[in-house]
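Q: Each chain, letter by letter, is given below.
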Amino acid sequence: MARFTSGNDVIAREIIDRYPVAKSAVIPLCHLAQEQDGHLADDALVQIGELVGITPAEVLGTASFYEMLKREPCGRYLVNVCTSISCHLMGGDELLHHAEQRLGVRAGATTADGLFTLEEYECQAACTEAPALQVNYRYFHNVTPADFDTLVDDLAAGRLADTIPPHGTLARIRQRIPSDRAAGAASPIGGAQPGWLTDSPALTDDGSNP
Amino acid sequence: MTDVKREVAVDTVSLTVNGAAVEAHKGQLVIDAADNAGIHIPRFCYHPRMKSVGMCRMCIVDIDTGRGPALQPACMIPVADGMVVDTLSESTKKAQDGVLEFLLINHPLDCPVCDKGGECPLQDNAYAFGPGESRFVEEKRHFEKPIPVSDLVLLDRERCILCDRCTRFARDVAGDAFIVFQERGGQTEVNTFPEHPFASYFSGNTVQICPVGALTAGPYRFRARPWDVEKDESTCTSCSFGCRITVEASRDEVIRRQGVDLDPVNWGWMCDKGRFDFDAMNASERLRTPLVRDGAAAREATWSEAIGRAADALRPALDGGADRVAVLGGARLTNEAAYTWAKLAKGVLGTDNVDCQLADGLPPEVVFGLPRATIDDACADGGTVLLLAPDIKEEVPVLFLRLRDAVLAHGVKVVELTPQSTSMTPLAAASLRYRPGEAAVVARLLGGGDGGGLSIDGDVSAARELLRGATRLTIVLGRPSIGESAATIVDAVGALLGGFPDAHVLTVLRRANVHGALDMGLTPGLLPGHVTIDAGRDWFTEAWGRVPAATGLDATGILAAAAEGKIDTLVLLGADPIADFPDHQLARTALDTVGTVIAVDVLPNASTALAHVVLPAAGPSEEAGTTTNLEGRVLTVAQKVTPAGTARADWHIAAELAFRLGHDLGLESIGGIWDEIERLAPSYAGLTVDIVRRAADRDGALMPIDEAQLAELDGARVTIASQRHRVDAGSATAANRAAAAESQEERQADELAAEAEQSDDEGKGVARGASTSQARPPLLSFAPPATATELPAVDAYGLRLVVSRTLYDNGTLNQHSPSIAGLARVACLRLNPADLARLGLDATATVEVSSVRGSLTLDAVADDRIPPGSAGIYTNHEGADPADLLDVHAPVTTIHIGTKS
Ligand code: SF4
Ligand code: SF4
Ligand code: FES
Ligand code: FES
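Residue numbers (the numbering used here), protein chains in the order written: chain E, 1 to 210; chain V, 211 to 1111.
The set of hints was computed from the structure by calculation and includes no laboratory data.
Fair warning: this is a prediction, and the values are worked out from it, not measured in the lab.
Glycine included, every Cβ here is placed at the ideal spot set by N, Cα and C.
Please note: incorrect hints may appear among the correct ones.
[Unchecked claim] One side only, chain E facing chain V, incomplete, derived with CB under 7 Å:
hint: 1; residue: Q47
hint: 2; residue: P56
hint: 3; residue: A57
hint: 4; residue: E58
hint: 5; residue: L60
hint: 6; residue: G61
hint: 7; residue: S64
hint: 8; residue: Y139
Generate coordinates for the entire structure from the input sequences, incorporating the hints supplied.
A: And the structure:
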């Protein structure tokens, strides 16, 4: 699967409608695709380009800039172990080594069952709780090797399914704004002025204030 | 030519650069202002024809705007009054050292094996502004050495300094954003989407503007070193746009062409065909020796024998047989060669069966008889352009770049009137489809006339409002499809001028020097310089000794007469009617029937294969002279290499033939020919050799030459009559045009007679040489046709055929160019998806297409650029050619589709 499912296609068009300029929707659409497939397949990038009217290369240019948008298939759980300075001092490297042993893959790889992708990560801003790791960007602090084993067991058994959704899930993408509450998309460049903008004159064609 | 006039002078700003007072235009960038003052600020990412991005930081200099000096990028900062710029300060030097040291961190030391070495801005800047030594000892980043990003361009990412020039060009200039920056930070690289190559007609430009050797062109890689290359400025003759270029040769072989920034024309850009197809001239198949054919087989012959054979075949024309001789082609020639051939054909042989267009052009009264617009006129701020033309990206590609820029950056509104969507459709403010043959119907509606029962839909009225609101309207005019006759387009022009009498016309006829060949009279009914045979009879008889008795046949007439056995000798001047004439059946019968076919050409083709005498001609860059682009700009072409084998310049061949026929054309050099053109061809009056040469270093000479241009070429002493022609032609409204061409002619003749007297008094101009007793004849003008072309009724079961070109087709030059040959596509039948469904065809069905003329077997493909009710076939593609279906005598062709059993 790579192109949007019919349900996601509807959501994709809703997302595009939120923006005055269609190509502004590229990143939310990348998130939507990643939510669907766990990563960004080439077909998805092509389709996003079609939807917003830019080339697949331009979509790729944007998507590849962001670490969190994955171009390779990613496990259901993305485990990021921090080895930056505080965690390094507090045993982050040992934790990563343990994780590699436990999962049977090197950092950067995905387990054969497709459950876990392990990554060595930069500082996660949890330095006071070092060593830290994230699973699908949810924090776990002061993690010992034993904690790690428990965590992996729980994840594999589905005991954390409620708190940690599969990789790619971003609740905000599902956010629906009823049309009566939507601000309405207005182009910052030329175009019609939105209704709620009462006392400020529209910008001129080149985007400057008249 | 090198001074790029980007900014419109509004106000002048005074600043100081390195202690010197400098004047600049308001809004101009510091880097440009410094350039104009002769102070060079080093740069990588800045390119005067693209928006600055400030990516590379090489142009950082000390700029003081009153708050003390600070390092700022000169390519991003507009000048301001009182600004003090220091490009030599200590801090500037330190910044430059730093930038170069950083850029060289990841740059491989490839110079000895890099194409750019010797002409590389990175090398040059490193020498001139760099620290001389690097402190970097770590491992540089590595990428796979060159990866192909397109069929013609390779990318070595290790060498890339991430200046954003190629990617900006692709996105902003060409509109083909197929190469982009990917990844981030130290990993950033330029690349394509997987399996989506940089398929752009303009990809070669990125190689030229890359400031390092990251982008290289396949055809040039490892072929030469800059210091082994000799270059001359010239003009591309792969189409009629007239891009200014350098022709670069090494060991007597052309190995590269690069764009030169000619402000009114190409802005330094070229299309890939123009950039790379020169290698066809180096092909082993090149015609190098004359050939003569007795019976089936052709054999090599000496020039003497071949010319003798050709002269024998032409001799009967001298004694009353002029009507049985015809000359086809000539759009490949330089102006000088075209003039020489016109003089031979019309002045010596006395035949007017001469046509440089192969039924794919427009009548000369449309090309010259209407007020002409320049490219700049069409692209100037706030103008309106009506496109009644083929897809300009496929036929005159760089015009597409200019118009695209005009639309996106200069508020130009485009109204498109075409039988199928084109590359301009997404940029057009209004885009109207007409049913093939019926351009005039929509044109009449646009002009405010009666649509013959056709209702005006919203699109038409919106387009009409746009055109009515236009302050300056340019009609970009060509043949949108060669599946419909030229007459249908002439009708449409008449209708448009009825509604918009002040419109100017820019003709887009594709063939290289077709405008120049028309100027020189290689068309029926005309003599050199836009005069009809009747108007110019006395003038040219006195100069040439003879002119044709009456208007002769055009290409269609010539081939039809030939097919009926009424032509004994047919000269093909670089024309290949068998492949290029829109009606194959007619062309083939004609060439089979003619007694002697004499082909003057550079490469073998289907028509030279049937010729009885083949005379090898010098190709582009093998013959010097001038060429005239589609707006009438006379530009020089350089001879850079010697002609292949024993090939001779086209004008030599004509002069030699005349000599064998006992006539001396009196033409002995390019300059001498030009002197005669200037003296005799009224539209070229005043455009002397001297002016042409001096104009070559500037913008070329726009024809007819006027006082303003002469003034710009300072010191020009010549005043000329032709300016009045221009004024007359320029202010001719449809009303007076239609009223009477004669009265205008009389008026012009009077004025010219007066002018001639005056010139006599001044002892120059017309008085020289021949034609002393004559006034310059009046110029041609356009009168709309009185009756519209009759169209057949719409056939509910048939589809009207749209025949168009693509840039990479199976043309002779393309076929023999190793760089381009692989890019041609296979012919197919393009149908609107709705028609495809209506006919019950699936997307890859093989179908049998038939017309009254013939049938073809093709694959049908869905193409929504074709409107319902029409069908498109590209001409000159592999496999099948629509010329097998076309009848040139019919205004449109209807086809029927049957599935292949
Ligand atoms: S490839 Fe060349 S033009 Fe493109 S970004 Fe790199 S250095 Fe600049
Ligand atoms: S647009 Fe025409 S003149 Fe310019 S490079 Fe291409 S073929 Fe040559
Ligand atoms: S160093 Fe690991 S979270 Fe900051
Ligand atoms: S030239 Fe100014 S930043 Fe590159």
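Q: Look at each hint and say if it fits the structure.
A: Evaluated hints:
| no. | hint | in the structure |
| --- | --- | --- |
| 1 | Q47 | violated, 13 Å |
| 2 | P56 | holds, 4 Å |
| 3 | A57 | holds, 4 Å |
| 4 | E58 | holds, 5 Å |
| 5 | L60 | holds, 5 Å |
| 6 | G61 | holds, 3 Å |
| 7 | S64 | holds, 4 Å |
| 8 | Y139 | violated, 24 Å |
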